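Here's the letter readout for the chains.
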Amino acid sequence: MINIFEVTETNKMIEKENLDVRTITLGISLLDCIDSDLKKLNDNIYNKITTVAKDLVQTGAEIEKEFGIPIVNKRISVTPIALVGGAACKTSEDFATIAETLDKAAKQVGVNLIGGYSALVSKGMTKADELLIRSIPQALSTTERVCSSVNLGSSKIGINMDAVRLMGEIILQTAEATKENDSLGCMKLVVFCNAPDDNPFMAGAFHGVTEADAVINVGVSGPGVVKTALEKVRGENFEVLCETIKKTAFKVTRVGQLVAQEASKKLGIPFGIVDLSLAPTPAIGDSVADILCEIGLEYAGAPGTTAALALLNDQVKKGGVMASSYVGGLSGAFIPVSEDQGMIDAVTAGALTIEKLEAMTCVCSVGLDMLAIPGDTKASTISGIIADEMAIGMVNQKTTAVRVIPAIGKGVGEKVEFGGLFGYAPIMPVNPYSCEAFVNRGGRIPAPIHSFKN
Amino acid sequence: MKRTIITVVGKDTVGIIAKVCTYLADNKINILDISQTIVQGFFNMMMIVDTNDAEKSFGDIADELTALGEEIGVIIKCQREDIFSKMHRI
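These protein sequence lines map, in sequence, to chains S and P. Heads up: the first sequence begins at 188 in my numbering, then just goes up one per residue. Heads up: the second sequence begins at 1138 in my numbering, then just goes up one per residue.
A portion of the hints provided could be inaccurate.
Claimed, not checked - With beta-carbon atoms standing in for the labels, derived distance ranges:
#, chain 1, residue 1, chain 2, residue 2, range
1, P, G1147, S, N424, 36 to 42 Å
2, P, I1175, S, E601, 49 to 55 Å
3, S, E331, P, D1200, 44 to 50 Å
4, S, P257, P, V1151, 29 to 35 Å
5, P, A1204, S, V582, 55 to 61 Å
6, P, K1165, S, S223, 56 to 62 Å
7, P, A1204, S, F425, 44 to 50 Å
8, S, P257, P, N1189, 23 to 29 Å
9, P, N1189, S, T493, 52 to 58 Å
10, S, Q584, P, I1168, 50 to 56 Å
11, S, T535, P, A1204, 40 to 46 Å
As the list claims (entries may be wrong) - Derived PhoX-like pairs: lysine-lysine, alpha-carbon spacing no greater than 25 Å straight-line:
#, chain 1, residue 1, chain 2, residue 2
12, P, K1156, S, K252
13, S, K543, P, K1156
14, S, K235, S, K453
15, S, K252, P, K1139
16, S, K585, P, K1165
17, S, K314, S, K227
18, S, K453, P, K1139
Hints in this document: simulated from the structure, not taken from any laboratory. None of the values given here were measured: they were computed from a predicted structure. We treat Cβ as the ideally placed atom computed from N, Cα and C, and that holds for glycine.
All chains, full assembly: derive it from the sequences and hints.
As structure tokens, then:
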């Protein structure tokens, strides 16, 4: 039988160490909404989302109450809209009407973000893919809750450099279109290499075409819990360090598994995966950078950071895998700058640069995330940053992503404010040398040699 | 059987257990186990209870216990046992 010490330990994690379930994300297929008539398509999408997800927020609240664990976000991901809208949308403006429908549906069911305004273009772009991509600045500046993602490459296929070049421009245009709000639109836009079909985390969540009609995916978090556990093993060797992370990750993930199963049962929708992630928030103590410091670094970004992050990421997975029956999504430690006070401090202190962050993305979950760059950064430079990150993902057979915010009208030394869970970000200097001739070549980078496994 | 864990934490005072138990009895909630300690003057109690026969919903019970806690000056939490057993038992 459960004893008082175990109960106290769990409740201490929740109350003092920010243990929470970061998100319950309901994936909804919109493939059966497809129609060649735009109005009918929009109606179908609105009706399907508001029907399937009508109890999502209420169910989340019930689970929170029953287990006494906060569920920070309830969200929805949908089939990539480029696939759904292709038959009806003849212009970018047509696509933008779907973004408005998604926004309206999200507000109706009470979710704070809806993902899937997306295109999968790792090899080439269809007419619809390109129209959707070109509509992103408009879609993200006229809606509040819609998130957009574009998959630009994969280990199996290579990198679509035409799309990489286009996305550099689109990110800048999105920043420009939302410049009154510190280029907030870019916070809701991410590009991927090897994007997973079942990622519950925004801005990159979409409901992949390999998925069932509806599915529940859950993202757990708990950097504060890991940090506190590590405080007790200061000075111990790597074996003890790794075991401690593993055991803590197990406990954190079990909560995610429980919540996922409970949500699935209550909603009558199958359980998909648990995403084992250490996802920070700007709250004090809820920081992945603080874990790196606890492992023994003065600041995130100091020599040793990549190794520390590599072991952290690996132990989180090892502990989490046994705790959940199905693991998926991005799974690992997230290193967004603006959402992590420890990362912000490291950037402000000059300990952490974009180049070091790029190295860190080789060994952690995802990639260059939530970092602000000067507003006068050229589109080709952004494309160059994206290409580098995509190459890391492609060659290492992992998911990588880029979510940068060119802060229009601002430069190094200033900061951008997003508010809430998204925090603020000091603007980081970007390498000033040009990659224009490289980006402008056009075409695609072929798949790496190890893609030919058969 | 739906088992629920009730935790009570706060400054020690006369009648905490009595008041909580009265509430549980009034609502047909059966107590299966109680453990209690005083740590540095702070009252720390855990109860394992069975809510099967309770007529009120889980949410109402949790809210009323929280309110009762505020009245006594302690923090009362009510959570389903699964969150603890999942985390601490394989």
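We went through each hint and held it up to the structure:
At about 40 Å, the beta-carbon gap between G1147(P) and N424(S) stays in the expected band of 36 to 42 Å. The hint said 49 to 55 Å for the Cβ distance between I1175(P) and E601(S), and at roughly 53 Å that hint holds. A beta carbon spacing of about 32 Å between E331(S) and D1200(P) contradicts the range 44 to 50 Å that was offered as a hint. For the hinted restraint 29 to 35 Å between P257(S) and V1151(P), the CB-CB distance of approximately 33 Å keeps it satisfied.
A1204(P) and V582(S) have their C-beta atoms about 58 Å apart, which keeps the hinted 55 to 61 Å range intact. Between K1165(P) and S223(S) the Cβ separation comes to about 60 Å, which falls inside the hinted range of 56 to 62 Å. Checked against the given bound of 44 to 50 Å, the beta carbons of A1204(P) and F425(S), roughly 49 Å apart, stay inside it. As the Cβ distance of P257(S) to N1189(P) is approximately 27 Å, the hint placing it in 23 to 29 Å holds.
Remark: the range hint 52 to 58 Å for N1189(P) to T493(S) is upheld by a beta-carbon distance near 53 Å. About 55 Å separates the C-beta atoms of Q584(S) and I1168(P), a value consistent with the hinted range of 50 to 56 Å. Checked against the hint of 40 to 46 Å, the pair T535(S) and A1204(P) passes, with Cβ atoms roughly 44 Å apart. At most 25 Å may separate the alpha-carbon atoms for a hinted pair to count; K1156(P) and K252(S) meet this at roughly 22 Å.
Distance check on the hinted pair: K543(S) and K1156(P) sit about 58 Å apart at the alpha-carbon level, beyond 25 Å; violated. Simply put, K235(S) and K453(S) have alpha-carbon atoms about 19 Å apart, close enough for the 25 Å limit, and the pair holds. With a CA separation close to 15 Å, the supplied pair K252(S) and K1139(P) stays within the 25 Å bound. For the hint linking K585(S) to K1165(P), the alpha-carbon distance of about 54 Å lies beyond 25 Å, and the restraint is violated.
Proximity of K314(S) to K227(S) is assessed by CA-CA distance (about 21 Å); at most 25 Å being required, the pair is judged to hold. Between K453(S) and K1139(P) the alpha-carbon distance is near 16 Å, which keeps this suggested pair within the 25 Å criterion.
The structure shown violates the earlier hints numbered 3, 13 and 16.
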